[in-house]
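Peer 1: What follows is each chain in one-letter form.
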Amino acid sequence: EAQVTQNPRYLITVTGKKLTVTCSQNMNHEYMSWYRQDPGLGLRQIYYSMNVEVTDKGDVPEGYKVSRKEKRNFPLILESPSPNQTSLYFCASSLRGAPETQYFGPGTRLLVL
Amino acid sequence: QKEVEQNSGPLSVPEGAIASLNCTYSDRGSQSFFWYRQYSGKSPELIMSIYSNGDKEDGRFTAQLNKASQYVSLLIRDSQPSDSATYLCAVRPPGGGNKLTFGTGTQLKVEL
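Read top to bottom, the protein sequences are chains A and B. For the first sequence, the working numbering assigns the number 1 to the initial residue and increments by one for each residue that follows. For the second sequence, the working numbering assigns the number 1001 to the initial residue and increments by one for each residue that follows.
Read the hints as simulated data drawn from the structure, not as lab findings. Please note: incorrect hints may appear among the correct ones.
[Stated by the list, open to error] Here are some, though not all, of the chain A residues that point toward chain B, as calculated from beta-carbon distances under 8 angstroms: (1) 2; (2) 16; (3) 27; (4) 31; (5) 42; (6) 48; (7) 51; (8) 52; (9) 64; (10) 68; (11) 83; (12) 86; (13) 100; (14) 102; (15) 104; (16) 106.
These numbers were taken from a predicted model, which means no experiment stands behind them. Beta carbons are placed, not taken as given, at the ideal position from N, Cα and C, and that holds for glycine.
Using the sequences and the hints given, assemble the complete structure.
Peer 2: Following this line, the structure appears as structure tokens:
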């Protein structure tokens, strides 16, 4: 079954405590990205990756890091989380040049106290 | 001006009616347009894509694109309670690639 998985699905943490949200896809997609979704602001892209070892900033990259060491995995790292990073996060993957093939993961709901 | 604009709703329609969802975009060079459906607490899923002016039909869904007016819409015929969700409009900016810019979504409620 084609899927994008994210872990954890729910996370409550405190300001400044480093955390990583994992993302993995089994469709051999080249393109992967992270979004955050906030009420009234919609889905906004944080970072994206065109392929292994190729990453770039999206629209709201501040406070986040990513890496792409393997094609299937694209972890999102919050080195020092702050309350304004409380949000619903989605990982997505697609074939390069074909955004219509985009699959979203189930989402990770993060609360930073 | 937002790059992709949608009325947040909620849009309420009775069961069996036609629901009309609208989206405008600011970049005239945009080439590809997508409609996603997102149930509460779930991830978005693609339901329609449209690339050229006119209508594209898929079952009860029709996407309409008017590039001159920078307007894309989604019609849902014979609306069902299961269609109650938030509908996200997404636009692929000029230059290709995989980036999509999303609107904030319109909440649709289909009432019995």
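Peer 1: Look at each hint and say if it fits the structure.
Peer 2: Hints versus structure:
no.: 1; hint: 2; verdict: violated (12 angstroms)
no.: 2; hint: 16; verdict: violated (28 angstroms)
no.: 3; hint: 27; verdict: violated (14 angstroms)
no.: 4; hint: 31; verdict: holds (4 angstroms)
no.: 5; hint: 42; verdict: holds (4 angstroms)
no.: 6; hint: 48; verdict: holds (7 angstroms)
no.: 7; hint: 51; verdict: violated (11 angstroms)
no.: 8; hint: 52; verdict: violated (15 angstroms)
no.: 9; hint: 64; verdict: violated (17 angstroms)
no.: 10; hint: 68; verdict: violated (14 angstroms)
no.: 11; hint: 83; verdict: violated (22 angstroms)
no.: 12; hint: 86; verdict: violated (16 angstroms)
no.: 13; hint: 100; verdict: holds (5 angstroms)
no.: 14; hint: 102; verdict: holds (7 angstroms)
no.: 15; hint: 104; verdict: holds (4 angstroms)
no.: 16; hint: 106; verdict: holds (6 angstroms)
Comparing the model with each numbered hint stated earlier shows that hints 1, 2, 3, 7, 8, 9, 10, 11 and 12 do not hold.
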